[in-house]
Amino acid sequence: MRARALWGPLVFVAALLVPALGSRFYTFLANDVIIWALFATSLNLLVGYTGLVSFGHAAYFGVGAYVTGILMKKLAMPFVLAWPAAGVFGAACALVFGFFCVRLTRIYFAMLTLAFAQIVWAICFKWNELTGGEQGMPEIPYPDFGWIERVGASVPLLSWRTAEYFYFLTVVLVAACLWVLHRIVSSPFGRMLTTIRENAERAEFIGVNVRRYELAAFVLAGAFAGLAGGLFGIFNRGVFPDFAYWTKSSEVLIMTLLGGMGTFFGPSIGALVLILLNQQIVSYTEYWPLVLGVVLVVLLFGFPGGIAGAVGAIIGRLFRRARGAEVRGA
Amino acid sequence: MLEVRDLVKVFDGFVAVGGVSLDAPTGSIGAIIGPNGAGKTTLFNLITGHLRPDRGHVKLDGRDVTGIAPHDLCRLGVGRSFQRTNIFPRLTVFQNVQAAFLSHRGRGGNVMTPVERLYRDETLALLESIGLAARAGEVAAFLSHGGQKQLELGLALALEPAVLLLDEPTAGMSATETREAIRLIERLARERGLTLLFTEHDMEVVFSISERITVLHQGRVIANGTPDEVRRDEAVRRVYLGERH
Amino acid sequence: MPDASFVFAQSLSGLTAAMFLFLIASGLSLIFGVLRVLNFAHGTFYMLGAYLAYQSMLWLGPGPGLFWIAALGAALGIALLGGVVERVLFRYLYGKEELYQLLFTYALGLILSDAAKIFWGTQQKSVSRPPELSGSFSLLGTTVPLYNLFIILLGPSIALAFWFVLQRTRAGRFIRAAALDRETLGALGVNVDALYTGVFMLASFLGGLGGALISPMRATTPGMDTEVIVEAFVVVVIGGLGSLWGTFLGALVYGQVLSFGILFFPRFSIFAVFALMAAVLIIRPWGLLGRPLR
Numbered sequence: 001m002r003a004r005a006l007w008g009p010l011v012f013v014a015a016l017l018v019p020a021l022g023s024r025f026y027t028f029l030a031n032d033v034i035i036w037a038l039f040a041t042s043l044n045l046l047v048g049y050t051g052l053v054s055f056g057h058a059a060y061f062g063v064g065a066y067v068t069g070i071l072m073k074k075l076a077m078p079f080v081l082a083w084p085a086a087g088v089f090g091a092a093c094a095l096v097f098g099f100f101c102v103r104l105t106r107i108y109f110a111m112l113t114l115a116f117a118q119i120v121w122a123i124c125f126k127w128n129e130l131t132g133g134e135q136g137m138p139e140i141p142y143p144d145f146g147w148i149e150r151v152g153a154s155v156p157l158l159s160w161r162t163a164e165y166f167y168f169l170t171v172v173l174v175a176a177c178l179w180v181l182h183r184i185v186s187s188p189f190g191r192m193l194t195t196i197r198e199n200a201e202r203a204e205f206i207g208v209n210v211r212r213y214e215l216a217a218f219v220l221a222g223a224f225a226g227l228a229g230g231l232f233g234i235f236n237r238g239v240f241p242d243f244a245y246w247t248k249s250s251e252v253l254i255m256t257l258l259g260g261m262g263t264f265f266g267p268s269i270g271a272l273v274l275i276l277l278n279q280q281i282v283s284y285t286e287y288w289p290l291v292l293g294v295v296l297v298v299l300l301f302g303f304p305g306g307i308a309g310a311v312g313a314i315i316g317r318l319f320r321r322a323r324g325a326e327v328r329g330a
Numbered sequence: 001m002l003e004v005r006d007l008v009k010v011f012d013g014f015v016a017v018g019g020v021s022l023d024a025p026t027g028s029i030g031a032i033i034g035p036n037g038a039g040k041t042t043l044f045n046l047i048t049g050h051l052r053p054d055r056g057h058v059k060l061d062g063r064d065v066t067g068i069a070p071h072d073l074c075r076l077g078v079g080r081s082f083q084r085t086n087i088f089p090r091l092t093v094f095q096n097v098q099a100a101f102l103s104h105r106g107r108g109g110n111v112m113t114p115v116e117r118l119y120r121d122e123t124l125a126l127l128e129s130i131g132l133a134a135r136a137g138e139v140a141a142f143l144s145h146g147g148q149k150q151l152e153l154g155l156a157l158a159l160e161p162a163v164l165l166l167d168e169p170t171a172g173m174s175a176t177e178t179r180e181a182i183r184l185i186e187r188l189a190r191e192r193g194l195t196l197l198f199t200e201h202d203m204e205v206v207f208s209i210s211e212r213i214t215v216l217h218q219g220r221v222i223a224n225g226t227p228d229e230v231r232r233d234e235a236v237r238r239v240y241l242g243e244r245h
Numbered sequence: 001m002p003d004a005s006f007v008f009a010q011s012l013s014g015l016t017a018a019m020f021l022f023l024i025a026s027g028l029s030l031i032f033g034v035l036r037v038l039n040f041a042h043g044t045f046y047m048l049g050a051y052l053a054y055q056s057m058l059w060l061g062p063g064p065g066l067f068w069i070a071a072l073g074a075a076l077g078i079a080l081l082g083g084v085v086e087r088v089l090f091r092y093l094y095g096k097e098e099l100y101q102l103l104f105t106y107a108l109g110l111i112l113s114d115a116a117k118i119f120w121g122t123q124q125k126s127v128s129r130p131p132e133l134s135g136s137f138s139l140l141g142t143t144v145p146l147y148n149l150f151i152i153l154l155g156p157s158i159a160l161a162f163w164f165v166l167q168r169t170r171a172g173r174f175i176r177a178a179a180l181d182r183e184t185l186g187a188l189g190v191n192v193d194a195l196y197t198g199v200f201m202l203a204s205f206l207g208g209l210g211g212a213l214i215s216p217m218r219a220t221t222p223g224m225d226t227e228v229i230v231e232a233f234v235v236v237v238i239g240g241l242g243s244l245w246g247t248f249l250g251a252l253v254y255g256q257v258l259s260f261g262i263l264f265f266p267r268f269s270i271f272a273v274f275a276l277m278a279a280v281l282i283i284r285p286w287g288l289l290g291r292p293l294r
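Taken in sequence, the protein lines are chains F, X and U. Per my numbering, residue 1 is the first one in the first sequence, and the count goes up by one each step. Per my numbering, residue 1 is the first one in the second sequence, and the count goes up by one each step. Per my numbering, residue 1 is the first one in the third sequence, and the count goes up by one each step.
Treat the hints as calculated values from the structure; they're not laboratory data. Just so you know, not all the hints are guaranteed correct.
What the hints assert, rightly or not - Listed below are the simulated SDA-like cross-link pairs for lysine to any residue, each with C-alpha atoms no more than 20 angstroms apart in a straight line:
hint : chain 1 : residue 1 : chain 2 : residue 2
1    : U       : K117      : F       : N278
2    : U       : K117      : F       : V294
3    : U       : K125      : U       : S11
4    : F       : K73       : F       : I123
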């Protein structure tokens with residue numbers, strides 16, 4: 001069990017080393033994966049831990065992206081204020097939307113999350129003055145890395161391009177967010193969420209105010225999705241209305257399920273696999289949706305626990321065999 | 001302790017509960033019996049807030065608790081088990097009971113402490129008292145039916161209730177399991193001074209431990225009294241003639 | 001201030017759009033009502049109906065009466081596709097988590113829509129109006145194409161036919177019963193499996209028919225499916241999941257809101273539609289004519 005605790009720090013260090021590979025493309029890809037990992041993990045707080053399937057999680061991603069974009073581009077605010085604001089606005093939207101959503105169950109809940117997300121999209125799409133409308137907001141500035149660049153000019157190891165400074169920043173910020181999320185799901189609050197997922201009626205009858213907890217989970221998920229969106233807008237060099245469109249919601253949901261919603265790192269693995277797979281396939285053929293569809297069907301019929309679930313099952317079987325061998329051998 | 005007056009619940013014209021009153025004095029053990037469909041579970045659902053009554057009230061220790069949300073009623077000291085086992089299937093036995101402690105002791109809002117060690121001793125002690133300590137690490141869904149029923153009891157007890165409502169606690173159990181379960185329930189009720197109200201089909205069980213019995217038929221009370229009184233009641237004999245368990 | 005004939009024209013176009021949506025949404029609503037699944041692939045069935053109609057027209061060539069054969073053939077082809085999908089694949093997912101069923105229909109949609117791209121490419125395809133209905137006439141100051149009139153009359157006809165089947169035929173009774181309590185129905189000896197396949201095929205037929213019939217009015221392109229599925233969701237939510245007349249009413253409401261929304265509040269018409277959907281879900285989740293889910 002101790003070994004498992006090492007994975008996090010290992011991946012963190014590995015992520016930091018990616019720019020050292022010298023390829024701008026790898027850094028770009030890693031940056032993409034890491035931001036989506038945060039987005040997907042935030043959704044998993046709702047889907048995997050609380051049992052609430054949302055079809056409109058991209059709403060908070062979009063809100064976060066636009067808030068950071070607008071604050072940095074139009075109001076010239078520094079990143080250190082504009083980025084947390086993404087989380088605050090994401091949480092605020094989630095509070096308002098979630099208040100209505102948690103009153104509904106299952107399919108109606110999902111439909112309402114979809115409706116709210118489409119409303120956000122429609123606003124972003126049409127409110128030209130604020131959001132740039134259909135064209136979106138291109139050229140979001142990078143955070144001011146001036147002071148680091150001055151240091152980097154003198155110290156050889158620390159001399160990187162702006163995009164790479166941003167990558168390091170992303171790694172650190174996402175790692176921090178994931179750490180916080182991990183604390184949350186491992187806490188009593190997290191346990192209460194799983195009781196809701198397992199049996200909401202029973203949870204009520206051990207004193208859990210199910211609606212209040214669901215709303216809290218909704219707000220937290222929205223906050224972290226907003227933070228992911230804030231990073232993504234800068235990374236993408238532009239913020240566009242489709243960040244809130246339902247297809248984005250479906251992408252992140254697929255990542256969560258692909259990687260496995262039963263574990264904390266499942267969604268991150270799903271993000272990694274999906275983005276890498278997309279990269280590879282797109283270079284050979286334009287029929288990425290077809291490939292994705294087939295992968296999903298295989299997953300559903302063969303590996304309902306997602307990749308993490310399948311890997312976990314295989315490892316579990318190996319351990320049992322090893323332990324069995326011990327017992328027999330001794 | 002628990003006072004129920006004139007509870008009525010009608011579903012689309014069907015009278016599930018048609019004016020039921022009963023009392024459960026502090027520390028007493030009472031049973032509610034009646035043929036299938038008599039309205040026993042609906043009555044429980046009305047008392048515990050899962051359903052709102054159309055008329056009537058429920059008082060706990062003099063305080064009106066009619067129709068309040070289940071989680072609030074829980075906090076006021078009412079524990080309940082369900083007819084169909086209602087546990088947290090993919091959590092372990094330990095985690096199931098621990099969750100109840102976490103909720104009851106008000107730690108549910110804590111977002112930063114790792115949860116494994118909290119209330120470890122209390123949880124294990126409770127598991128010991130209901131005989132599930134050896135299975136603490138097992139996933140709840142894989143327990144036998146009897147084991148799950150025991151776990152249900154454990155969940156209700158973890159809330160340190162003053163009143164315990166058990167809906168068919170021995171349903172689906174063999175004769176031996178039933179005897180053991182009833183002995184356990186009676187012992188725990190006495191030890192903790194609980195007010196116990198349970199529904200049952202098994203007459204042996206009912207007559208062996210209850211102090212008061214309420215008989216329901218088609219949503220109405222047709223008899224209410226000590227076991228002897230009920231045994232001799234005309235209406236009850238009519239209803240139960242031919243009923244065998 | 002727009003004049004009466006303009007308002008009338010807008011209303012008619014909203015009505016036409018509504019009838020197409022009704023065709024599609026009724027299939028979605030049927031599948032949800034009986035099988036309890038939200039079929040994301042339904043939009044793709046609609047799109048394939050349009051493509052099949054186009055392909056059939058290529059084979060049959062222009063000529064009187066041939067469009068109807070093409071449209072019917074396309075709808076039947078989609079019904080067959082639906083039946084195969086249900087029997088071979090979907091059947092294994094019953095009883096599994098709803099999320100998996102949803103995801104499967106979504107994946108199916110992805111696969112089928114790309115398959116359409118492979119066969120027919122990405123360029124727009126168009127189908128000419130059937131010569132019998134290519135004319136138009138004048139009413140209240142506007143020109144009404146005959147084809148539109150046909151569609152406007154077809155919608156309620158199909159709704160009535162549907163209603164008749166559901167209320168007055170044996171099969172319809174089984175369908176309604178399955179929607180209420182499938183286990184009991186099975187216990188009564190009805191072949192529930194065949195019923196499910198039949199329902200799926202009927203719904204697919206309607207979706208495919210919608211696509212085939214819209215092909216003379218709108219260009220057939222990839223991306224039709226994602227556009228229409230969200231619209232269909234809005235319609236069934238507003239009207240009530242699983243309710244036939246609810247879907248009809250929802251389609252009417254949607255059509256009018258959209259066409260007049262574009263007229264008076266062009267910037268907010270899309271917003272209005274989703275706001276309406278949200279409002280219905282908040283105030284009366286089971287829609288205008290639906291019933292609360294058990």
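Numbered hints the structure breaks, given as an ascending list: 3
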